[in-house]
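Could you build all of it, start to finish, from the sequences and the hints given here?
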Amino acid sequence: MDMVAQVFSMVTDWGSIVGLFVGVVGGMVIGALPGFSASMGVALLIPVTYGMSPVAGLIMLVSVYTSAIYGGSITATLCHTPGTPASAATAIDGYKLTQQGRGMEAVGVCTVASAIGGAVGALALLFLSPPLGRFSLQFSSLEYFMLAIFGVTIIASLAGESVVKGLFSGILGLFLGTIGLDAITGAPRFTFGSIQLEDGIQFVPALIGMFSISQVMIIAEDIYKGRSTIIADEAEMQGRILPPWNEFKTLLPTIARSSVVGTIIGIIPAAGAGVSSWVCYSMGKKFSKHPELFGNGSFEGVASSESGNNAATGGALVPLITLGLPGSAVAAILLGGMLMHGLVPGASMFTEKAAVTYTIIVGFLLANILMGIIGLLIARYVAHVSTIPMGILGPVVVALSTIGTYAIRNNMFDVYVMLGFGALGYLLRKTGFATAPLVLGMVLGEIVENNWRRALILSRGNMFNYFLNRPISLVLLVLVVLSVFSPILMNYVNKKSREGAKS
Amino acid sequence: MKKFLCAILVVSCLVSGAFAADWPTKPITLICGYGAGGSSDLGCRYLAAALEKQLGVPVVVENRPGSGSWVAWNRFLHNTPADGYTFALVNLSAIFGHYDESNPRKETIDDFVLLANQAIDYQVIAIRPDETRFTDYKSLLEYAKTHELLVAAASTGITSGEASVAKMMEKVHGAKVVVVPVSGASETNTMFISGNVDFLIANVGDVILNPENYKNVVVFAPKRVAQLPDVPTEVELGLGNYLSFSARGYAYMKGVAPEIVEKMTAALSAAIVDPECVENMNKMGVNVELYSGKEYSDLLHSQLKQRLDTWDVKE
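Chain order of the listed sequences is A and B.
Heads up: take any position in the first sequence, counting from 1, add 997, and you land on my numbering.
Heads up: take any position in the second sequence, counting from 1, add 292, and you land on my numbering.
Quick caveat, the hints were computed from the structure, so don't treat them as lab data.
Straight-line C-alpha distance at most 25 Å; calculated SDA-like pairs for lysine to any residue: (1) Lys1350(A) <-> Gly577(B); (2) Lys459(B) <-> Leu1178(A); (3) Lys468(B) <-> Gly1458(A); (4) Lys606(B) <-> Thr1182(A); (5) Lys468(B) <-> Phe1461(A); (6) Lys1427(A) <-> Pro1288(A); (7) Lys546(B) <-> Ile1192(A); (8) Lys606(B) <-> Gly1183(A); (9) Lys575(B) <-> Ala1352(A); (10) Lys468(B) <-> Asn1462(A); (11) Lys507(B) <-> Pro1127(A); (12) Lys575(B) <-> Gly1012(A).
Following this line, the structure appears as structure tokens:
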């Protein structure tokens, strides 16, 4: 009881409340800007926390983290410009909804799904951290590999109109993922002697090119054809912030499922919010009663990827706080922020420093709720982005994308990558190749290859036995097999039952 | 016309001489080849704040991450004016890149003008506290003669401190050690704690944060380190004299006026031992050790020679 009172007094301290507000609003803005991702937001704000108390500073940093992941979905939905890589999956259906005049509702669904997903992740962090931390240690190279293979099986479901073209995009993505230094031997591959390519193609610039720049090219074409705004006229835009209740309640199971799955994926060090959003999106499609709507404007699609990526933020904090092992770029930066304030993450976080730890986690939970409230309040205004004349919107998107891309590494080469991928994305979209499989292929290719090769070393030359001794890998193997063969099986069962019905 | 050109030449010489005497008159840039928010970046920022006090001009940290800092160093060495207003963070990768078998760099240690070293982090070997197969460094080496042991390393070959220790164990002690290359220190740590590898080669800074996870058996330092007073050195154990550490310091490119190099070295040396800067570094688990000028160069050359011997590479 003492602890609860202590946590309550620390979390309601003025410093904490200011940190919470600044973190949530700042995170939202940083997340919404293309190129400025969650890790950059946290890194930018670390120096700001110098003068703050550890609790207030850390609350601000974790608020930025979750809020930036949410903020990315706003621009993804309204202008097909994912502000962070984690929102790429949201852009697919969110933007279609905006074109149908339902942008405001799509932002509303994003907001509610993000807030619920984030809150579920935060609750897991609050109540289950130590056991979940131990669980995260069960994952190693082989499990990362199997998880990424499961991700690869999703590619077909993102293929869009043509499975063959979708597979081509996916394989192109996997290939592009091999560029750079070989992670095991350090040998350069496909770098053509350029030092800039040694780290591989930078994912964020490529993603901004594929989604935002190609989108502006398509906008330019629309302007030429005589269209001036994303939706034909303002009257077309519906004035609701959330879809009607009977439509919205069908989303709840999706949100619940994605929140749980997202939290688990977040805990696994190699995965993170980006992978989580794709896996949840694809699961949403598999479980949906209307899978045909996915890719053509599905609230379920938006809800599944958005609750998935925000739930993953809570999950990603689990190994950091319980074990001091940062599993992602953001977590590594947060580790620096914690050490700076004299907080050493690890087992002591839940013993001697428990009050501080729980205060930060409660702050994180509140940040997710506050983010939902602010998001719903501003949805009405931000949705008007879709009524801005395209002639203005396009140049603004290009300018922001360029600045954001340059700012990541202060590197002009990244801007050229962005432009190159913009042209590639435009060509692919014009010729009916879906871009989502390419993005997913790029994300997963590296994880698949490096971890398989590490697993081969870890197996000490006996992969079969090694596999049998790792139950999580076996479970993931079953999932992969089910994912690959379920459509065939479903067809067969359906056919049988139809035949049965006939006779 | 000739007179005019001469005059320009003389004036410009005078001006550049005056530049060196007045230096610094404008903000100085510190190039950090690692991303914002990481340990290297924070170290640079603490140093920049302390250096501002010494020089009286703003010191701006510019992050140019990529290819293990080589994107930054390439630009710094070949595409930045040597006017003393830009200096860079350097670590051991800058020296070993040239000897990297799979991806050799043109640049060597001699392309940098070494100013001062800020931090040294010695390497240790740790085993799990509940380990039963071996209990100390000696029994670990004994056990490894007959059983192949796995250890994780950030990158491979001579550029990797961990892989070099593993190579030494193999070469000097006949131990069978297989290296699992991973992407960084936090991953080597995860591999160890989760039991996927048999022991850990890490820096002192990595094992002091959560001490309950590690039983440190040897430190590769010339004498015991202050943070781990109970851990013996390899020399003390009578098992060898291998030294291994990571070092972080600062350098100019060639061509900076000698007066400026001297002034900068003095200012950096004062900034590195600035109490506030030292305290902040210690909070991150980083051990501050100042070496400047020739001493710094000798320090890095000794580590270079050690690793070249270990890997049988000619200088």
